[in-house]
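We have chain A; now place chain B onto it with these hints.
2 protein chains.
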Amino acid sequence: MTFHVYDTTLRDGAQQEGMNLSVSDKLAIAPLLDELGVGFIEGGWPGAVPKDTDFFARAQKELTLRNAVLAAFGATRKVGLQASEDPQVLALLASQAPVITLVAKFDVRHVERALRTTPEENLAMITDTVSFLVAEGRRVVVDAEHFFDGYRFDPEYSRRAAVTAFEAGAEVVALCDTNGGMLPNWVGEIVADVRETVGEGPILGMHAHNDTGCAVANTLAAVDAGASHVQGTVNGYGERTGNADLITVVANLELKGGRTLLAGNGLAESSRLAHAISEITNISPYARQPYVGASAFAHKAGLHASAIKVDPDLYQHIDPTLVGNDMRMLISEMAGRASIELKGKELGFDLAGQGEVLTRVTTRVKEAEANGYTYDAADASFELLLTEEVRGERPQYFTVESWRTIVERTGHRGTVPVSEATVKLQAGGQRQVVTGEGNGPVNALDHALRLALATVYPEIAHFELIDFKVRILDQMHGTDAVTRVLIETTDGQRSWSTVGVGANLLEASWEALTDSAIYGLIHAGVDPR
Amino acid sequence: MTFHVYDTTLRDGAQQEGMNLSVSDKLAIAPLLDELGVGFIEGGWPGAVPKDTDFFARAQKELTLRNAVLAAFGATRKVGLQASEDPQVLALLASQAPVITLVAKFDVRHVERALRTTPEENLAMITDTVSFLVAEGRRVVVDAEHFFDGYRFDPEYSRRAAVTAFEAGAEVVALCDTNGGMLPNWVGEIVADVRETVGEGPILGMHAHNDTGCAVANTLAAVDAGASHVQGTVNGYGERTGNADLITVVANLELKGGRTLLAGNGLAESSRLAHAISEITNISPYARQPYVGASAFAHKAGLHASAIKVDPDLYQHIDPTLVGNDMRMLISEMAGRASIELKGKELGFDLAGQGEVLTRVTTRVKEAEANGYTYDAADASFELLLTEEVRGERPQYFTVESWRTIVERTGHRGTVPVSEATVKLQAGGQRQVVTGEGNGPVNALDHALRLALATVYPEIAHFELIDFKVRILDQMHGTDAVTRVLIETTDGQRSWSTVGVGANLLEASWEALTDSAIYGLIHAGVDPR
Chain A
1 MTFHVYDTTL
11 RDGAQQEGMN
21 LSVSDKLAIA
31 PLLDELGVGF
41 IEGGWPGAVP
51 KDTDFFARAQ
61 KELTLRNAVL
71 AAFGATRKVG
81 LQASEDPQVL
91 ALLASQAPVI
101 TLVAKFDVRH
111 VERALRTTPE
121 ENLAMITDTV
131 SFLVAEGRRV
141 VVDAEHFFDG
151 YRFDPEYSRR
161 AAVTAFEAGA
171 EVVALCDTNG
181 GMLPNWVGEI
191 VADVRETVGE
201 GPILGMHAHN
211 DTGCAVANTL
221 AAVDAGASHV
231 QGTVNGYGER
241 TGNADLITVV
251 ANLELKGGRT
261 LLAGNGLAES
271 SRLAHAISEI
281 TNISPYARQP
291 YVGASAFAHK
301 AGLHASAIKV
311 DPDLYQHIDP
321 TLVGNDMRML
331 ISEMAGRASI
341 ELKGKELGFD
351 LAGQGEVLTR
361 VTTRVKEAEA
371 NGYTYDAADA
381 SFELLLTEEV
391 RGERPQYFTV
401 ESWRTIVERT
411 GHRGTVPVSE
421 ATVKLQAGGQ
431 RQVVTGEGNG
441 PVNALDHALR
451 LALATVYPEI
461 AHFELIDFKV
471 RILDQMHGTD
481 AVTRVLIETT
491 DGQRSWSTVG
501 VGANLLEASW
511 EALTDSAIYG
521 LIHAGVDPR
Chain B
1 MTFHVYDTTL
11 RDGAQQEGMN
21 LSVSDKLAIA
31 PLLDELGVGF
41 IEGGWPGAVP
51 KDTDFFARAQ
61 KELTLRNAVL
71 AAFGATRKVG
81 LQASEDPQVL
91 ALLASQAPVI
101 TLVAKFDVRH
111 VERALRTTPE
121 ENLAMITDTV
131 SFLVAEGRRV
141 VVDAEHFFDG
151 YRFDPEYSRR
161 AAVTAFEAGA
171 EVVALCDTNG
181 GMLPNWVGEI
191 VADVRETVGE
201 GPILGMHAHN
211 DTGCAVANTL
221 AAVDAGASHV
231 QGTVNGYGER
241 TGNADLITVV
251 ANLELKGGRT
261 LLAGNGLAES
271 SRLAHAISEI
281 TNISPYARQP
291 YVGASAFAHK
301 AGLHASAIKV
311 DPDLYQHIDP
321 TLVGNDMRML
331 ISEMAGRASI
341 ELKGKELGFD
351 LAGQGEVLTR
361 VTTRVKEAEA
371 NGYTYDAADA
381 SFELLLTEEV
391 RGERPQYFTV
401 ESWRTIVERT
411 GHRGTVPVSE
421 ATVKLQAGGQ
431 RQVVTGEGNG
441 PVNALDHALR
451 LALATVYPEI
461 AHFELIDFKV
471 RILDQMHGTD
481 AVTRVLIETT
491 DGQRSWSTVG
501 VGANLLEASW
511 EALTDSAIYG
521 LIHAGVDPR
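If you read the sequences in order, they're chains A and B.
Just so we're aligned: the first sequence equals residues 1 to 529 in the UniProt record's numbering.
Just so we're aligned: the second sequence equals residues 1 to 529 in the UniProt record's numbering.
With the rest of the complex left out, here is chain A (with noise of 0.2 Å):
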């Protein structure tokens, strides 16, 4: 049978409180959708959102894809009114999307207090929009709003609606948990019985929210009940709590049921997907989201860790590069010395028998930590740390004698502010004064570092600093609070990343920029000048 993996991270997901996505944003995540490898993807309400209606049109001549077909969202047609003379119903045509999604209402009491209609207008609403639909040659999906609730309520107008729909042409029926409210066992029994009501033929889908936690078990239950087509959103976007996790719910289909969903071999690249698209929505990525979270498959207990090294796959429940993870070895104050142990093992230093060392370090981390340090996210900081420990010292490129950034804005509000930073260092049996500018105080300093450094290191030129994170970590103090900046560099090769911590952003921001210059000549096998 057919298996429909469909996506609506562009409509459904886009109603996440603090999300934007612009048309531009639009058509770069459906590519990175269509090599996830889903089968369909829901771009928009053409007609009623103005960028939607960009969107179809800018995606007709901008966009290739593979392995989806777009779909446009709409509804039934007003009240009243014939669906081919309804100008909302015309526009999702004139999108020029191969699929129409149309939402209808499922629940009797949203068709009489929110529609303010009769049941009975409700039912040929579906049917005309969508027999028109499919009369002009569009494969039409029902999103079915509201169905469990409705059903709850008056299982038979459900019912009823459900074979409306697919009486009128519709593909598939979707049934919705508009408001989230439902739990695993109420979905399989609602579907199980929609399934014998509509027969085996039709395709009925799934449409989940996350907000009793329970959106992934409730597409699974969904499906387990004879449902063949799921909606989701990567990264579990949407209002609320949010929508199914799409590639969850299609891990868990595809790792733990044996089935295929996905075109190519996208399972593999989700963990990549994932985050690109958390850079274009600028959603930062949840570290504890399953499969592809960068904690999902990191380790930190010091008990697990010494057994780890006996048998990795008795500790993970997958193996991590089927969804493109990895697995990753924590340092933290809860490591024990076997986990700093593999983790220097991963950096490259044999730490095996080292005993005093393995201390020390230990140690140190421990303390650094109860300041406000992390090494979690800060591979650099930590390599740094454990060369300090294993060679005595870490190399000497520099010494600073003093850093200064002024901060001034004269005029009115609007007006751009001027940053600049002044930077005072030995470096190369020479001293340097060199003030960088820059559009803040921390883009100055690290532009003034550069300069400093870049007459007696001219490989400085190709470091890049490519993600800033900055961090309050006492929120009950306000701006009295400790800072702990965390920053990646890249050589255009590889990145990495330091951190910096102080009462001071800037204190904060310098130390971890200072280490990320020193990590970066390290590794392009500079010595000290």
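Please keep in mind that the hints were generated in silico from the structure rather than gathered at the bench.
One copy or two, it doesn't matter: identical chains are merged, so the pair holds either way.
With a straight-line Cα cutoff of 30 Å, these simulated DSS-like cross-link-like pairs (lysine-lysine) come out: (1) Lys469 to Lys366; (2) Lys345 to Lys78; (3) Lys345 to Lys366; (4) Lys51 to Lys366; (5) Lys469 to Lys345; (6) Lys366 to Lys61; (7) Lys366 to Lys78.
Then chain B, alone, in the frame of chain A:
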């Protein structure tokens, strides 16, 4: 039947990447868990972790729990040692905890490969340790490590181990999905089989991890199959993808299943308690968290906003006050005029029928959000925007001429930098030129702004900045990116949030700081002087 709600935030939750709980943190979290109304608080592993030994010692003197009992976590005795002579077991006794939770191996592969002993010796370790602790007067929970993976490999051994634990006197055997790979139907079948094996009397528990996105559903499936002890953590903290979110589990069982599980009226306080705990753990709350998340009852879609006016209960799966949360309308680009009208009403502006104002506000919000602003979390800034559009302008308390910050570090790594800010502005007909110091540039700016305003507006002395969040909006471009700052200020009675955006952290902070002062003065009933 007694139902156990067993919290392991302080032990298994603390395994989360980036979490680092001190003894004081644990002593601050425990009363909040007790207030939530859980029956058991697992505090840590005394003996194995020195910090946890301290925790139990101090808990004896400093903690008064009304609802919960403390549980100490530990392991079965070592291979070949008497339980009564094993220092690890004796440390559990010494903790004085009335409940001891023993992790024991239930997967025969782990017995052979990680523990490196025989299946029979492992069973003897369970018998000896449980019966020794029971004889010493303790209630014993056995955490059946890797139970489900073990059962799927060799059901007979896992069943025997469960029977062994109960025969030795264990009060509960908690079946652990240690690697988190289970799906709800697997859990349901396995728990039902174990229930059949051990009979109706003994208490079976469930300990789930979220690696398949099903931790909550797996816990519910176990309860449906006969488990009556649920383990989990507040906010779903835990290693990798986290543990089952205890509040979500309990909310589903109470609000959907009609049980009463928490002492007091804990659920009604759960949003506040979950956030209070996240302040202590210093892990940013996850907005999309079911039930207690900031977005859990937030509505954005313009489509829904108009219908919500008609009948809110048709659009939410439960009444949010049942979990101490609120319905919120979000102001955003996606929002139609209906949601702006509703939001205005929330803030005391009656915009009904004011079509032109609504259009202007909607347009400004769209433009601002395109530039990086967000009003979702900055009600005070949105109110100032609304004030400008309704009244024509905001009150002019002061006019800024210029501001400047200087941060300077002289001397070596570790020297504390000096931060100062100079603000020049006109207020109350006077020119103010004031310099403030701080432990960082934002802190210094905040101090200088207050100093400059305080002579004319002494009311500002009551305002205090209590939260400061920084977000880099386009993380691909490092410090060249746009920075968004959210500031929360309190006057001791209530608090308000403002937003600022700029290429520069300080520019963004300045905007949020000045908006905060203006909003605070308006709500203190102060007129421009």
